[in-house]
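Fit chains B, C and D to the given chain A structure using the hints.
Chains as they are written, first to last, in my numbering: chain A, 1 to 357; chain B, 1 to 357; chain C, 1 to 357; chain D, 1 to 357.
In case anyone wonders, no lab produced these hints; they're calculated from the structure. Check each hint, because a few of them may be wrong.
For chains that are exact copies, the list does not tell them apart, and a pair is met inside one copy or across any two.
[To be verified] With a Cα cut of at most 20 Å, we get these calculated SDA-like pairs of lysine to any residue:
1. 8 with 42
2. 205 with 293
3. 205 with 192
4. 205 with 292
5. 205 with 320
6. 30 with 304
7. 205 with 261
8. 205 with 189
9. 205 with 318
10. 205 with 56
11. 205 with 89
For clarity, every value in this text was computed on a predicted model and none was experimentally measured.
Protein chains: 4
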Amino acid sequence: MIAPPAKKTRVAVLGATGAVGQTFIRLLAKHPWFELAELAASERSAGRPYAEAVHWVGDAAMPESVADMHVRACDPRDISSPIVFSALDAAVAGDVEMAFARAGRVVLSNAKNFRMEDDVPLVIPEVNADHLGLLEVQRARRGWSGGIVTNANCASIMAVMALAPLHEAFGIRRLFVATMQAISGAGYPGIPSLDILGNVIPYIKDEEAKIESEIQKMLGRRTETRIEHAQINISAHANRVAVEHGHTVCMSVDFDSSVGAAAATEAIREWRGDPSARGLPSSPDRALALSDLPDRPQPRRDVGAGNGMTVTVGRVRSDSLFDVKLVAMGHNTIRGAAGASVLNAELLVATGQAGTA
Amino acid sequence: MIAPPAKKTRVAVLGATGAVGQTFIRLLAKHPWFELAELAASERSAGRPYAEAVHWVGDAAMPESVADMHVRACDPRDISSPIVFSALDAAVAGDVEMAFARAGRVVLSNAKNFRMEDDVPLVIPEVNADHLGLLEVQRARRGWSGGIVTNANCASIMAVMALAPLHEAFGIRRLFVATMQAISGAGYPGIPSLDILGNVIPYIKDEEAKIESEIQKMLGRRTETRIEHAQINISAHANRVAVEHGHTVCMSVDFDSSVGAAAATEAIREWRGDPSARGLPSSPDRALALSDLPDRPQPRRDVGAGNGMTVTVGRVRSDSLFDVKLVAMGHNTIRGAAGASVLNAELLVATGQAGTA
Amino acid sequence: MIAPPAKKTRVAVLGATGAVGQTFIRLLAKHPWFELAELAASERSAGRPYAEAVHWVGDAAMPESVADMHVRACDPRDISSPIVFSALDAAVAGDVEMAFARAGRVVLSNAKNFRMEDDVPLVIPEVNADHLGLLEVQRARRGWSGGIVTNANCASIMAVMALAPLHEAFGIRRLFVATMQAISGAGYPGIPSLDILGNVIPYIKDEEAKIESEIQKMLGRRTETRIEHAQINISAHANRVAVEHGHTVCMSVDFDSSVGAAAATEAIREWRGDPSARGLPSSPDRALALSDLPDRPQPRRDVGAGNGMTVTVGRVRSDSLFDVKLVAMGHNTIRGAAGASVLNAELLVATGQAGTA
Amino acid sequence: MIAPPAKKTRVAVLGATGAVGQTFIRLLAKHPWFELAELAASERSAGRPYAEAVHWVGDAAMPESVADMHVRACDPRDISSPIVFSALDAAVAGDVEMAFARAGRVVLSNAKNFRMEDDVPLVIPEVNADHLGLLEVQRARRGWSGGIVTNANCASIMAVMALAPLHEAFGIRRLFVATMQAISGAGYPGIPSLDILGNVIPYIKDEEAKIESEIQKMLGRRTETRIEHAQINISAHANRVAVEHGHTVCMSVDFDSSVGAAAATEAIREWRGDPSARGLPSSPDRALALSDLPDRPQPRRDVGAGNGMTVTVGRVRSDSLFDVKLVAMGHNTIRGAAGASVLNAELLVATGQAGTA
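Bound-form chain A, shown alone (with noise of 0.2 Å):
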């Protein structure tokens, strides 16, 4: 475990109040590095005192140290954080994470807005801590002293994660996902109950789009001032079921030359990512776990790997269709939201790349 820095650094939420928003303030609660010092929502909200203008709904306690704390509107001026996490809906990120990266402040975003922006990062430290780089692109870019860096949708962080072994070790070139994803995936209320109580919904509003080109982005090369997308032919069906947390996702990889499942199997067993991702405070002892049971990864048995943080990976066999289908799963609101920014933020403080922050 790294050292932890001299002095905490204050940070903030926006959309504080929202499903991915509490689950930034229980990992945030209690961070060796961070201090949770303002939290922010919309105007309904900005004012009153958390613990009533939250609905908590995570199934472990609100944490006691932000029940009085005055909820603030999503405004620099407001907020005096240098890093700031965004909870935002995409209806409004774009205009708010804006305005924070101006006024200098570092914004880990949630939000699909800037996601496939040319200069903005979208990172998962395991797999592309050197996409990091292009904050200096975006500042230059941009004219701004802050910055915004973005973490995937929660499929396509799972899918990533289990992909990048065997990216970084054959070069994959054709991929099929199927994804089986959790409820709490599409925030709160969501998913009325009426929809989704022992049904499957085999539709997820501009999914298949997201993860076909995020994946992309996560697996490709950084250049001196953009990423160069991976090759790779990607079809993507999204599926919405009854599960709490855990999305499970369903691949068969082909790559640039046949790769048998023992080989595939062994550069998944022996992946341990970025060594800059590695001792951070909530990076989990194994970024990817390999389960040997015939039936593993399970969304209720495996979602709590590693915290939420480690991304379970079974089923590495040989595919008729294309070389080695696999089963990835992993905890969408945590390693798949607001946790995914958190170690992203300890990223760049880590490597002194959080700029004025």
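Then chains B, C and D, alone, in the frame of chain A:
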């Protein structure tokens, strides 16, 4: 609707106490062509009134007409019906079904034992009614006057129903299949609730291999003596989800030459299947229904279409990897099991192929 | 079955786009006595074709006959049908229903607004058909020629159906009620899936008070001018469970004098309810079914009995504290809501009490 | 926290492969006072490494320390640990537990076999720690140096935890209990998913009688030689719901003299339970937590309180039939089973009553 025969044919159900056996009973209790004359089950149940021997698990009440029927042994000497529906487990189905065929009975089987035999038809009436012609080959080769006709695994049936129009029109070359299968597919007691409530199990024993091979056979072409399997390269991913009835199947389809979503949609919309399968008592108005809603088919909302005999298809769209992708869903214990056998039997009777039966 | 009237009566549904409104439409689309002539909903929907205005959530498909009907405003000037079914929210039901009654229409209401009014009948035809006599009082007192007839809260109805034979035979004095209510009772979108999947919510706003008071009124006795409430001391506990349809109600019942389980069972088994409620189009063969199985009734297995109009009772047994305890279960959106209103309307028509209608 | 003993006591788990056995293992694997030294199970498992013999069903991974332990027979000759936790089925628990007690071991049992015996303590440390005094009576009467200490049925424990402060303060006279119990209470494989998904089963074999009698014993008073059962008239209704962990219990309580909701709330809020139960390794900060939210406790949100050892109470309110009503909820396999036994063992050790152990 084809006119009912002058006299009902007596039929028996083997494995009558299990979950599929119960579905057979529900479908046959008031059948216009068949008289449910005999029920058979394991030694343990034989000799007892059905109502005592069975643990009835269905949503609908047990038909009163069967409550007092005495359960017989699964032995052709104890059963006189010329048509026999087999809901037996694979562990015993092999010997029992062969004994019945040898004794001159026509066996409609759900078991996997004979499905892939060269001289055994694997039939969906709307798709490959002509495969029944194999019965003659079977009778000649095996020296029996009865016969064994099988229906496929429940997941294979949903896939083939949706693929048939596409294969007929365009020729399928490569196929991805990812299934989300209902718990009733595993029988009763089947899946323990602790394993599946709020969970996904990304594994069903032997299922993926069955799906891959059965699709190839069902979409194959009958020659004089056998079925020439369709040359489709298939990769299947099988998953169990917390749904009561209804298997959902996501597919990406590649054709011999490029086909767009509009053409694929049209082929599915226009398809009516083999004319010999129309007007049978269990034939739905539409074997295949096409939904225009963006988030359908869904098991809970579409599983009852056509009394469980209609497969609903939706989300036919372009695929960035293959030609098109789509979703199919149907009732696994009706269209995918008991109803499939009953429809096969109706076709046999209607076409005079039930032989001595 | 009572002979159909010479001419169908035109009827309207208010609140036609909501979940209960959709159930009304399903029940009325092919009704032998009623012609579903008009649909009304909020301003937002008015003027649009029904198929566009509605988000259809039912398990069965939308009846084709309503797809093109134009949605009207909930205003008696826009609606000419003499009989009006109200699926309106309590927030608006009060004014709207009164306007229709004042305009001479007979309103069959699911809303709570008028249920406990002295001159408004709260009716289950099999239980208290004679309470409809209050309509005359209501017309005289309110000076209108129409009228408002209500049905109770869904959970109250299940309880009263099971209690009616016992109260008639023995006189109930004290009652403990614990409910486990289905999600469809909360309408659509209703309960967020994150709140109820794998969970129990031991609270339904205002429900316990409704159950306690409505039971007293429904089991009460009609005098010249009002209903004398039954003198039953009631304690209700209301819970929400992860069930789609079907409210389960556990009850302990204390009588005026000691009653054993055998006598209670016999009373329930023999009960047929008010003769005027028999033979109506929506009357089930048995309003009350008694199960002998030790673990019934169960929502998923018994909710469809009598097309959703039969309440199933089971586990009638001695109680160590009161006299007997038992379990009742019925379909909350059919017998407990839309079907209840339709049955009330049928009774009004059959008994000539629909007035100017 | 009480200081750890100088030396860990060796303990064994009987029935180690079952669901409760697995929970024991999870709780004991890193216990500060106990060394999990031996695992025992049925003949079928004996002799095999634990990881091979078990089908691990828990949400958390199997502790590595037990994977290689060899499973022993449930025979005191094969087990040397002085303290033995029994997760055995009632069918075998009687003989086995008695054999261990006779062999001088202290048996902490989850089975029902001895719970209601006059000289066997049925203990919740916070509620009736003094009942352990019966061990002396038991040893004298049975002529053994070991002993059997039992914990109650999981549903009884949740009820008693919530009732203890009320009974201590006001004296309970009459009680209604309606439970909604989690599937894990039925063990593994336990409830078939087809029986409970989207369903309620209003029946658990023998459960209601257990709840009624066990509450009376646990709230009873110890005399020299036995427990004088509390004179509470109890009626229980037991239901199974589609919840993984956490039994919810609705109760109406009548006292010796009138008690209001405020006084009952205060009694619950102030209660800390027997001082001897505080500071034990498994003691939660609060044995009883009181929620002010209107819709709590809920199993999915509160079941983890106090690591599964805290029972959460809510909705304390006036009852129109008895004095007050309330809802209690706790973790059925931790506070209601394995954790209960472990806490009992800790209390025995802390108070020097573990005898030769």
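Comparing the hints with the structure gives:
For the identical chains of this complex, residue 8 and residue 42 are neighbours neither inside a copy (27 Å) nor across copies (54 Å), given an alpha-carbon limit of 20 Å. Only between protomers do residue 205 and residue 293 lie at most 20 Å apart by alpha-carbon distance; the minimum there is 13 Å, versus 33 Å within a single protomer. With identical chains, the CA atoms of residue 205 and residue 192 are at most 20 Å apart both within one copy (15 Å) and between copies (18 Å). In this assembly of identical chains, the alpha carbons of residue 205 and residue 292 lie at most 20 Å apart only when taken from different copies (15 Å versus 34 Å within one copy).
Proximity of residue 205 to residue 320 under the C-alpha cut-off of 20 Å is restricted to the inter-copy arrangement: shortest distance 17 Å between copies versus 31 Å within a copy. Taking the shortest Cα distances, residue 30 and residue 304 sit within 20 Å of each other both inside one copy (19 Å) and across copies (19 Å). Taking CA atoms no more than 20 Å apart as the test, residue 205 paired with residue 261 passes between copies only; the shortest distance there is 19 Å, against 33 Å inside one copy. For a Cα distance limit of 20 Å, the shortest separation of residue 205 from residue 189 qualifies both inside one copy, at 16 Å, and across copies, at 18 Å.
For a Cα distance limit of 20 Å, the shortest separation of residue 205 from residue 318 across copies, 16 Å, qualifies, whereas the shortest one inside one copy, 31 Å, does not. When the C-alpha separation of residue 205 and residue 56 is checked against a cutoff of 20 Å, the pair qualifies only between copies, where the shortest distance is 18 Å, while the shortest distance within a copy is 26 Å. Taking the closest pair of Cα atoms, residue 205 and residue 89 come within 20 Å of each other only inside a single copy of the chain (14 Å); across copies the shortest separation is 30 Å, beyond that limit.
Hint 1 alone, counting from the list given before, is not met by this structure.
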